[in-house]
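Undergrad: Now for the letters of each chain:
2 protein chains.
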Amino acid sequence: MPLDTPPGYEAHSNETLAGYLAEVPAVAARLGGGAQDWRVEEVGDGNLNLVFKAHGPDAGVAVKQALPYVRLVGESWPLPLNRTSFEHAALVEEARHAPDLVPEVLHFDDTLALVVMELLEPHIIMRQGMIKAVRYPRFVDDITTFMARTLFFTSDLALTAAEKKEKVARFCGNHALCKITEDLIFTEPYMIAERNRWTAPQLDAIAAEFRADGDLKVAISRLKLKFMAHMEAMIHGDLHTGSVMVTQDETKVIDPEFAFYGPMGFDVGAVIANLLIAYFSQDGHATADDPRDDYQDWVLEVVEGTWTDFRAKFLALWQAHGAGDAYPAPLFEADAARLAAEREAYMDRLFADTLGFAAAKMIRRILGLAHNIDLELIEDPDVRAACETRCLRLARDMMVNTSSYATIGDVTAAARERRHD
Amino acid sequence: MPLDTPPGYEAHSNETLAGYLAEVPAVAARLGGGAQDWRVEEVGDGNLNLVFKAHGPDAGVAVKQALPYVRLVGESWPLPLNRTSFEHAALVEEARHAPDLVPEVLHFDDTLALVVMELLEPHIIMRQGMIKAVRYPRFVDDITTFMARTLFFTSDLALTAAEKKEKVARFCGNHALCKITEDLIFTEPYMIAERNRWTAPQLDAIAAEFRADGDLKVAISRLKLKFMAHMEAMIHGDLHTGSVMVTQDETKVIDPEFAFYGPMGFDVGAVIANLLIAYFSQDGHATADDPRDDYQDWVLEVVEGTWTDFRAKFLALWQAHGAGDAYPAPLFEADAARLAAEREAYMDRLFADTLGFAAAKMIRRILGLAHNIDLELIEDPDVRAACETRCLRLARDMMVNTSSYATIGDVTAAARERRHD
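From first to last, the protein sequence lines are chains A and B. Numbering follows the working numbering, in which position 408 of the first sequence is assigned residue number 408; successive positions increment by one, without gaps. Numbering follows the working numbering, in which position 323 of the second sequence is assigned residue number 323; successive positions increment by one, without gaps.
No lab work stands behind these hints: they were computed from the structure. Predicted model, so just to flag it, every value in this text is computed and none were measured. All C-beta atoms, glycine included, are put in the ideal place defined by N, C-alpha and C. Some hints here could point you the wrong way.
Said to hold, decoys possible - According to the in silico footprint, chain A covers these stretches of chain B (three or more CB under 8 Å from chain A):
| # | segment |
| --- | --- |
| 1 | 175-188 |
| 2 | 228-241 |
To be verified - Not the full set, but computed from the structure, chain A residues with beta-carbon under 8 Å of chain B:
| # | residue |
| --- | --- |
| 3 | E93 |
| 4 | E182 |
| 5 | E304 |
To be verified - Not close to chain B: a few residues of chain A, all C-beta gaps over 10 Å, as computed:
| # | residue |
| --- | --- |
| 6 | Y9 |
| 7 | V218 |
| 8 | L331 |
Construct all of the structure, not just a fragment, from the sequences and the given hints.
TA: Following this line, the structure appears as structure tokens:
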């Protein structure tokens, strides 16, 4: 039995999409020519949606349409179409604060759960580049600008409480996507769950060890509660290296359909987790002809830069635009140094959150349902398991002994050490 | 110029209300007889609203109607009428979890911003009783049941994330009332603000000291951020001893118009703060014929019981009904002891929040806009200032050195000590 969909909803295909786009003046004008001149191709390789590229004589566009279920699994796992309205709302909000770092939205159709965006060419998914040891010189600067600006400007530090609560309410409806995160990241990897998978039998023992690790289960449960109850800023919610499209000159953050009001550290942690996964996975891709040591050094520099520059930019924004209802300026008028010290302390707390969430993201990619090609493409399961074990060991320590990592340098030092264990 | 009100809104008066109630069958039936038999009297002594008592041959009802401004101040301080819809939603939610501890709602009129409730007679406002040294033997048991059940059952510990986010969104609209709290409790007492007042000149020095106290201003700002961003449970939002009506046999919690999703410690802290204010104020009411030492001992027993019983009841509910998405049961199936220990740790964190918020409520009643009659009725300003100073000194220490109070016994011991300083 097909899933219920709202009246007017129909999934588009390569055959039907051009006719639809022809009726949208802004899109038709951008493509140039007429529908008969356009080449449409479904290219979605994500887990959830249809993604089309449409090329016209003048330009191309990308079209993302939600299906009423998880594409990867099928109709047995329904998922509400309204996720596209949250993705659209998030893209609009992000564009306000970081217009050069997100795709331009050309058209949104709520009934069809469909967004038309500028086509990002020749950008590729950053994860794919990292597997080939490609360096992205813009990444640190761009991703830290994106995070600092989108998180700061949607937080209580920049907004009035009324403005913020209005946005919180707007995104509360995206709970079905939040639930995916709650289950797949914060719960299932730590218990026997049908959807879990890992490199077996090599990781059987460590998976069992994690499931029996009381400290770890308490730590992940505290993080889960924070994810559900600490509504600090509009977060992207899925900010891994597969949600970043890059060239040597440009960085674009895509796919904010998991966006909602949550803890800032979840976004920053997602970036750092995926960089660390890329770091550990290099040992599975290195060959005598293609050693990866220098690249691994670069990846750890990126990890360090991501936190360091994010912290500096966030603090600078707070200094310049801290007009929100939290930490009201008049309270500290004669006390600038005290406020400055508290801002540093705030960033220290955010750093601890970041490490915890990063660890959660590292573990779920190895013991949970959704894995990363960084590791999956390592063919030899013994080699893959060795990389994965290092990643898991670091993550476990980051989550349980968070306070022993005082600086991002402590994290990269531990990563190096694990590799040489 | 009168404030804009929605079409159909009109403030009722002693003359018009009976005619309105006659049109509400449930209310008319309860009152008995006809409109001509009813006696209506406006009795509001609160800061915000009209409150009527209507008596009929069979029974009485209470009618609360919002004005489009703060009653205490007038039209120069507008306040949205929709606060009544949040009060009504909160009363309905509370009644689900603690039906015997809130007034029964008989009728709600959104357009008129009006709620009709059972009339609580012969109940009095608890604060008034405490000023006369009246003991309320039901209070600890009832208030801890009210708090444990309303907080637990609206939290992530009891609800699915989807259920909880729906409630969060519902209450986000109550931001105007939250703003009052944010300004009057978390900001203005710590700065020069037109609305502040205190016993002058006796408290001029300590008020200035607090305004220059960097540690205190950082602590209050962290609490403010928590109030704005930690959406843990539906809280009453104004749970002082003026929002509790009592007899020797009954306790009813009224006036949840400040309700929203916030930190649980704000409600528990409000109760403890107002008990501590009552404790310190007794020295201003005691006379040779009416010593208050025994009563003060009783008040501190109530403080201890409030935390101890709340903690025990909340833990028991978690044990029996912890079906929410936080701390999922399957994760701890083989680890019951570890989960039990984490629940204790959760309560320890909630205790620290409680002390911080309690301190904030104590300070605002002495240095901010809205004072309590516990202290205000002390006629001799020197005596009043002495009581207030003890209360302020304890509050300052509770907020800044929270971790030095490991148990509620530490708090009551410190309160005793301050009194004998």
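Undergrad: Checking a non-interface call: every C-beta of chain B should be farther than 10 Å from the C-beta of A:L331. Is that right?
TA: violated (5 Å)
Undergrad: Let's test the interface hint: is any C-beta of chain B closer than 8 Å to that of A:E93?
TA: Given a least distance of 16 Å, the restraint on A:E93 is violated.
Undergrad: According to a criterion of three or more residues whose C-beta lies within less than 8 Å of a C-beta of chain A, is the segment 228-241 of chain B covered?
TA: Coverage by chain A holds here, the residue count being 5 at a Cβ distance below 8 Å.
Undergrad: Checking hints one by one. Is A:E182 an interface residue toward chain B, by the C-beta closer than 8 Å rule?
TA: Cβ of A:E182 sits 6 Å from chain B, so the hint holds.
Undergrad: In terms of Cβ atoms, is chain B entirely out of 10 Å range of A:Y9?
TA: Holds, because the least Cβ-Cβ distance between A:Y9 and chain B comes to about 22 Å, which exceeds 10 Å.
Undergrad: Say whether it holds or is violated: A:V218 keeps its Cβ farther than 10 Å from all Cβ of chain B.
TA: Not fine: 5 Å to the nearest Cβ puts A:V218 too close to chain B.
Undergrad: With chain B as the partner, please determine if A:E304 meets the hint condition of a C-beta pair closer than 8 Å.
TA: This interface hint is violated because 28 Å lies over the 8 Å limit.
Undergrad: Would you check chain A against the segment 175-188 of chain B, counting CB to CB pairs closer than 8 Å, and say if three or more residues qualify?
TA: Holds, because 6 residues of the segment 175-188 of chain B bring their Cβ atoms closer than 8 Å to Cβ atoms of chain A.
In summary, the numbered hints that this structure violates are 3, 5, 7 and 8.
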